[in-house]
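Student: Positions in the sequence shown are counted from 1; adding 112 to them yields my numbering.
In silico lysine-lysine, DSS-like type, Cα no more than 25 Å apart, as pairs:
#1 K125 - K201
#2 K228 - K201
#3 K125 - K211
#4 K202 - K125
#5 K201 - K211
#6 K202 - K228
#7 K211 - K228
#8 K171 - K261
#9 K258 - K171
#10 K125 - K228
Because the hints were derived from the structure by calculation, they are not lab data.
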Amino acid sequence: MLQRARELSGGRKVRVGVLGDAPKREEPVSQRGKHSPKARTRAKVARRTTEAAVGGREKYSLLQVAIVHEFGGGHVPARSFIRATIDEKKAEIQAEQEKALRAVLAGTVTAEVALKRLGAFVVGLMQARIVAGIAPPLAASTLRRKGGKTTPLILTGQLRSGLTYAVEGT
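Take these sequences, add in the hints, and give me the full structure.
Tutor: What follows is the structure, given as structure tokens:
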């Protein structure tokens, strides 16, 4: 059955995570929402990264931020939202893969659609893990800077919404 699945996929596979080659999502700026707390926070973060870049420090891409949080670095502890999700939800992901395979074998969906559904499913699991909060808890200095928000990895929501998938292959 595995061999048949490989034949049906046509060499395609799905990558999931913060993809460096993924196009950046432009967020529409509406007149009504531009003064919301979330919009103000995003503007503040954008100003800080611009000031840091002008001040001689590098402006970090979303992929670089994701890598630091996934593996830890410097004073930032590792808060795995990709590897840990795959490890913890392995059985659910395998069940979803089997479901996709059955649908492709039955001819109800194409391999491309099945891979897209699988990618979206795994992205949802990773986003849920971020929202649930990942240990260790935030440092006191970080809590002060975040204005009392206690969930690690969420300030503007860019990391969570930056999780995506891509179907590759012929």
